[in-house]
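Engineer: Top line first, the protein sequences correspond to chains A and B. Just so you know, the first sequence maps onto residues 83 to 971 in my numbering. Just so you know, the second sequence maps onto residues 4 to 381 in my numbering.
Hints were generated in silico from the structure; no laboratory data involved. All of these numbers come straight from a predicted model, not from anything done at the bench. Take these hints with a grain of salt, some might be off.
[As the list claims (entries may be wrong)] Quick list of in silico lysine to aspartate or glutamate cross-link-like pairs, EDC-like style, CA-CA up to 20 Å: (1) B:LYS140 <-> A:GLU297; (2) A:LYS403 <-> A:ASP680; (3) A:LYS325 <-> A:GLU769; (4) A:LYS787 <-> B:ASP309; (5) B:LYS353 <-> A:ASP302; (6) A:LYS760 <-> A:GLU320; (7) B:LYS140 <-> A:ASP680; (8) A:LYS760 <-> A:ASP331; (9) B:LYS289 <-> A:ASP592; (10) A:LYS814 <-> B:ASP66; (11) B:LYS140 <-> A:ASP794; (12) A:LYS251 <-> B:ASP337; (13) A:LYS364 <-> A:GLU720; (14) A:LYS787 <-> B:ASP337; (15) A:LYS814 <-> B:ASP305; (16) A:LYS293 <-> B:ASP102; (17) A:LYS814 <-> B:ASP309.
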Amino acid sequence: MKVHRIRLRNYKGVEDAEVELALDGVTIIEGPNEVGKTSLAEALTLVLEQLDSSTRAVVRDARPVHNDAGPWVEVELSTGPYRLVIEKRWLRSPMTHLRVLEPRAEEVAGRQGHERLRAILAETLDEQLFRALHHYQGVNLEQAALGTSTSLASALDAAASGQALAGQKEASLLDVVRDEWLRYFTPTGRPTAERVAASENLRGLEEEVAKTRAELDELDGLAERHRLLTTRMAALREELEKKRTELADETKQWEALQSQRVAVAQAQGAHAAALAAKDEAKRRADERAELRNAETATSKAVEEAQKEVDKDRPALSAARKAVQDASERQGEARTALAVAASAEKWAKSAEEYFRRLISRDLWSDRLANARAGQSALSEARQTLVANLMDEKRLATIEEASLAVTEASAHLAASAGTVVVEALASVAVTTGAGSRSLQVGETFEQALDGELSLQVGDLAKVTVRGSAPERSLREALGKAEQRLADLLRDASLPEDTTVAQCRVAAQQRRDAIASERQAEKLVADSLRDLTIERLETEVADDEAFIASFEREHGSNPDVPGSLEEARSRLEAAERQRAAAEEEGRAAENELDAAREQHDAVYKQGEGRTTALQVARSLQDRAAEALRLARDLQSDEVLEVALARCAADAEGTEQCLVLTEEALASLDPDSVEARLENSKALLERLSGERADAETELTTVKTTLTVKGEEGLQDRLDELESRFEREARALARTKRAAAAVDLLWQRLTANREEAQRSYVAPYRAEIERLGRIVYGPTFSVEVDHSTLAIESRTLHGRTVSFDQLSTGAREQLCVMARLACAGIVAGANGGGAPVVIDDALGWTDRGRLDRIGAAFTAASRDCQVIVLTCDPSRYGSVGNAVVRHLHPTVPA
Amino acid sequence: MVRFIHSADWQIGMTRHFLAPEAQSRYTEARLEAIRRIAELAVRESCDFVVVAGDVFESNQLDRQVVVRALDALAAFEVPVFLLPGNHDPLLSAGSLWDSPSFLGRCPSQVVVLRDDVPVAVPGCAAEVVGAVWPSKRPVEDLVARALSALEPTEVARVLVGHGAIDEQSPDAGNPALINLADTEQAVRERHVHYVALGDRHSVTEVGGTGRIWYSGTPLVTDYDEVAPNRALLVSLDAGGCSVEELEIGGWAFWEHRFDLVGDDDVAEVGRWLEELSDKRRCVVKVSFVGTVSLGAKVRLDQILDEHRDLLAALEVWERHTDLAVLPSGQELDDLGLGGFVEATLEELKDLAGAGDEQATTAQDALSLLFRLAGGGT
């Protein structure tokens with residue numbers, strides 16, 4: 083479509099304005115804001131789309147601001163083979179006037195005019211493209227909705243394949259196919275609820291058919307069962323009747339059998355009784371025989387026992403004589419032993435006498451030594467108690483004494499010493515005493531301060547020395563004190579000299595030696611005894627001696643010495659031993675004789691007892707036999723036994739006969755048959771009862787079910803099932819077909835879109851490179867044809883992230899590219915309308931965009947509405963129209 | 004002379020699944036009409052009685068309403084009617100339709116159910132009827148032979164009514180219930196019986212060489228394979244012999260036809276064939292197609308079938324025997340004037356449709372659909 087001119091009257095702020103448009107290339111309609119240049123674009127849409135009777139907002143918005151007339155638009159345009167003028171007025175005196183100038187002149191008014199216009203547009207104009215190619219400033223930064231444009235699609239298809247085939251028809255077909263597809267599928271591709279329900283319904287029907295058929299089969303089965311049961315019942319009746327007759331016969335046989343069994347039992351009883359009587363008679367006869375045997379046996383035993391007793395008598399007499407002889411010999415031996423023992427005693431006593439004599443002397447010596455030792459020991463110990471000067475103490479005292487001497491010497495050396503040498507015997511007297519000095523003797527005394535001494539009567543000498551050192555004095559004092567202490571400890575007087583001490587030490591040593599000696603003597607004398615014991619021993623020996631001497635002192639037979647006594651004792655002992663030996667032999671002989679006697683005696687005694695027992699037994703047996711015979715004689719018993727045996731034989735024969743009779747009745751068979759018949763009868767009766775019950779049930783079921791019309795129901799269900807199955811199969815087949823068609827169509831369309839997006843993209847890039855240089859490229863979505871991203875200098879930015887200016891430029895270029903492609907393909911298409919765009923684009927860029935406009939609009943119509951014509955000053959092929967305000971101020 | 008109508012296989016209560024409910028109810032009604040028609044003919048032909056040789060009812064388990072309506076139709080008879088229980092409606096020891104309250108309660112007095120093989124004298128004429136009654140669905144013996152075994156030769160016109168297949172005609176040789184034809188003919192020749200009225204076979208058929216053993220066929224067609232249905236037999240017996248005459252009863256027809264389709268002319272032939280069917284409301288048709296047709300021809304075929312489906316009692320396409328490939332012609336596709344992705348789709352579908360596999364049918368259907376939706380063939 084191309085617009086030749088547009089005229090507005092009473093349209094918004096425009097009272098009357100008309101603009102002629104260039105058919106190819108760019109028409110720039112320039113005018114200040116608010117003059118209504120945007121109204122031109124709106125009016126074009128309004129006149130093509132709105133009925134003159136419309137009161138919609140878009141129409142009301144077109145009301146003039148300066149009067150109350152109806153807005154009026156007239157447009158002359160070419161579309162497809164048509165060239166026409168459409169004129170419309172709204173709101174006030176609505177009016178439509180269509181004049182078709184080419185190819186055939188026609189003129190239609192009113193609603194028909196509008197409808198004719200719509201028909202022409204529908205035939206020739208891609209209205210989606212028409213709308214998409216309008217670009218309004220500010221409100222239209224979005225990309226053109228080109229994806230649904232069929233003419234673009236067609237043009238692109240032509241560009242891609244060289245054939246302009248995919249047009250409006252194909253697009254509508256796709257819609258129709260989709261509608262058809264949606265009859266069978268949900269938008270997500272699942273079978274529709276109706277189809278699912280139909281499937282389920284069919285399944286339900288199938289189940290119902292099966293169920294009903296099963297019911298019918300069951301009925302058939304029941305009918306057959308009824309027939310079988312009826313037949314069976316008749317057979318059972320016959321069988322039962324027959325069995326009852328048989329049972330009666332068998333019962334009679336069984337009763338006869340029972341009678342015979344009683345007879346047998348009775349015969350058995352009689353026979354048993356006869357046997358018992360026979361056994362009793364036999365037992366008694368046996369008992370009597372035993373008694374007789376016992377009596378005979380005991381008599382014989384008595385005889386034999388008597389023989390034994392008689393046989394023992396001579397042996398017993400011999401044994402008694404032997405005992406007496408042995409006893410006599412034993413008496414003699416005893417007497418001889420007593421004599422020998424007495425002699426031995428005397429000899430022993432004499433021997434002891436001599437031993438005691440010796441012993442007493444020995445004991446006496448030891449006693450005397452012990453006593454002497456004890457006395458010496460006592461003495462030494464007393465000395466040791468008094469004299470404490472042992473070696474250690476002596477050494478200590480000697481040391482202390484030496485210390486005193488040394489201290490005195492030191493003191494004397496310090497104070498000086500007075501030495502008096504006697505030239506004649508003289509007494510020297512000091513304050514401490516007087517001392518006589520022989521010639522040559524000296525008196526020496528340390529000088530301690532002042533010493534006055536008198537030498538005889540000759541002189542009194544006073545020596546005054548210098549005072550000695552105090553420490554020396556103290557040392558001397560200490561030494562002296564220590565010595566004095568030691569002596570005191572030794573229980574010695576203070577003036578005891580060291581020499582005395584040494585003497586005392588020697589004395590102590592001697593005492594110790596005496597003590598040891600005495601101890602040894604005592605020990606040797608006593609050994610393990612005490613003095614008292616020794617004394618007792620001595621006394622004991624002496625008492626024996628005295629006693630012996632008193633008794634035998636006058637006996638001339640007393641031996642002369644110990645040796646003699648001992649030799650006599652030994653002889654006596656030997657004699658006594660011989661006598662003892664003899665006594666023992668006699669005793670042994672006696673014991674043997676006694677033993678022999680006892681054995682013989684005992685044997686005889688046993689035999690006598692046996693004889694007595696045998697006699698006793700014989701008495702009892704004879705008594706028992708006698709008593710028994712008193713009751714029943716042997717003959718009577720014999721007769722009874724014979725009679726009982728005969729009886730038993732008779733009853734046995736009787737029993738055999740009755741048992742044979744019973745066996746001939748075949749009792750096992752009769753009983754088994756009877757039992758079986760009873761069981762069979764019971765079973766058959768049960769079976770008949772069961773059959774009757776079942777028959778009633780089956781009959782009832784058949785009667786009730788038979789009139790339910792199951793067959794009709796099944797027929798109806800089967801009919802419905804088949805109909806619905808057929809319908810479902812048809813639907814399924816149709817669904818498969820439409821699905822296949824839809825899937826292939828959409829897949830192919832997508833494929834086509836993929837291929838035809840290429841020329842569109844190439845056109846955008848051609849225009850873009852004019853503006854941005856050779857590194858410019860874009861990515862285009864194949865289904866929406868929207869620009870996804872732009873790449874410049876190797877840097878790719880998604881469309882949404884581009885600057886407002888860049889986005890606007892791309893939107894304008896996309897429309898130019900689209901219009902160019904569509905126009906180039908079929909000379910159709912729609913004008914690109916750009917309302918005051920590129921406000922955000924800088925001057926430098928605008929120059930290049932001008933070149934792009936020129937390059938794009940060679941075959942298509944581009945209408946630019948702007949308040950700033952300088953923005954488009956660089957568009958080479960532009961025609962500029964000025965739109966001036968027409969409304970009186 | 005004794006005259007009677009021999010009929011059989013009324014199959015009252017029969018349902019045909021391929022009939023829509025409306026057609027089914029007409030078909031059911033036609034069955035009762037056939038009974039009334041026989042009653043009319045019995046009067047017109049001065050018959051002494053009527054025998055129905057088994058399968059009077061389709062089943063023992065019929066709705067009470069069906070039984071009652073059948074009895075209402077039976078009330079139209081003015082002469083005795085002897086009904087024989089057959090394999091569909093055996094006289095069971097229990098649960099049999101014949102003993103149901105709905106049957107017994109309304110059974111007209113002239114209707115006699117043959118319940119055993121004891122000869123029944125026909126009131127008012129010198130004839131007697133013997134039934135070889137089916138006691139179960141699967142008897143284990145030749146029931147006709149059994150009924151014959153108790154009979155002695157007679158001069159009274161004796162009609163034996165039996166049901167089932169004849170041994171010489173049955174493929175199921177092991178079936179113990181088959182009727183022994185030789186024995187039956189022997190009995191006829193020895194005048195134990197004078198006519199054997201058989202049922203089970205739905206086409207009129209004479210059996211053996213005596214001229215006295217017949218299947219009457221069904222009075223109303225029940226299936227496509229029935230050669231001579233819609234009949235009953237008018238039988239006349241006299242001392243001299245036996246004459247049998249076919250009577251037209253039912254007015255329904257079952258047609259089965261296979262069409263070989265090569266070109267559009269053959270499709271037109273289908274239309275003509277269907278067009279020529281008379282009394283279409285009572286026609287049940289089953290067609291099958293073999294061959295290859297264009298999309299347009301297939302559309303026209305479908306239109307023809309759709310039209311006739313509304314006219315006929317039933318029109319089935321016998322899918323199992325149909326092998327029809329639908330392939331678009333170049334001209335057809337050109338006429339559609341489709342391009343771009345649609346054209347590509349068309350080409351794909353054409354390839355798929357020619358592949359001969361399972362998807363080919365779907366592809367053919369898809370092509371037809373596309374053809375139709377794109378306005379082709381109009």
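Engineer: CA of B:LYS353 to CA of A:ASP302, is that 20 Å or under?
Structural biologist: With Cα atoms ~54 Å apart, B:LYS353 and A:ASP302 exceed 20 Å; violated.
Engineer: For the pair we were handed, A:LYS814 and B:ASP309, check the Cα-Cα distance against 20 Å.
Structural biologist: 19 Å, holds
Engineer: Next pair to validate is B:LYS289 with A:ASP592; report whether the Cα-Cα distance is within 20 Å.
Structural biologist: Distance of about 174 Å is beyond 20 Å: violated.
Engineer: Does the alpha-carbon distance linking B:LYS140 and A:GLU297 stay inside the 20 Å limit?
Structural biologist: 16 Å, holds
Engineer: Can you confirm whether the C-alpha distance between B:LYS140 and A:ASP680 stays at or below 20 Å?
Structural biologist: 126 Å, violated
Engineer: Would the hint linking A:LYS251 and B:ASP337 be met if the CA-CA limit is 20 Å?
Structural biologist: Within the cut-off at roughly 14 Å; holds.
Engineer: Please work out if A:LYS787 and B:ASP337 have their alpha carbons no farther apart than 20 Å.
Structural biologist: Measuring from Cα to Cα gives roughly 65 Å; hence the hint is violated.
Engineer: When you check the alpha-carbon spacing of A:LYS403 and A:ASP680, does it fall within 20 Å?
Structural biologist: OK: A:LYS403 and A:ASP680 at ~13 Å, within 20 Å.
Engineer: Run the distance test for A:LYS760 versus A:GLU320: straight-line Cα separation, threshold 20 Å.
Structural biologist: 16 Å, holds
Engineer: Would you check the hint for A:LYS364 and A:GLU720, treating anything up to 20 Å between C-alpha atoms as holding?
Structural biologist: 9 Å, holds
Engineer: Check the hint pairing A:LYS814 with B:ASP66 against an upper bound of 20 Å on the C-alpha distance.
Structural biologist: Answer violated: A:LYS814 to B:ASP66 is near 35 Å, above 20 Å.
Engineer: Need the status of pair A:LYS293, B:ASP102: alpha-carbon distance at most 20 Å?
Structural biologist: Given that 20 Å is the threshold and the Cα spacing comes to 25 Å, the pair is violated.
Figure legend: structure checked against the earlier numbered hints; hints not met, in rising order: 4, 5, 7, 9, 10, 14 and 16.
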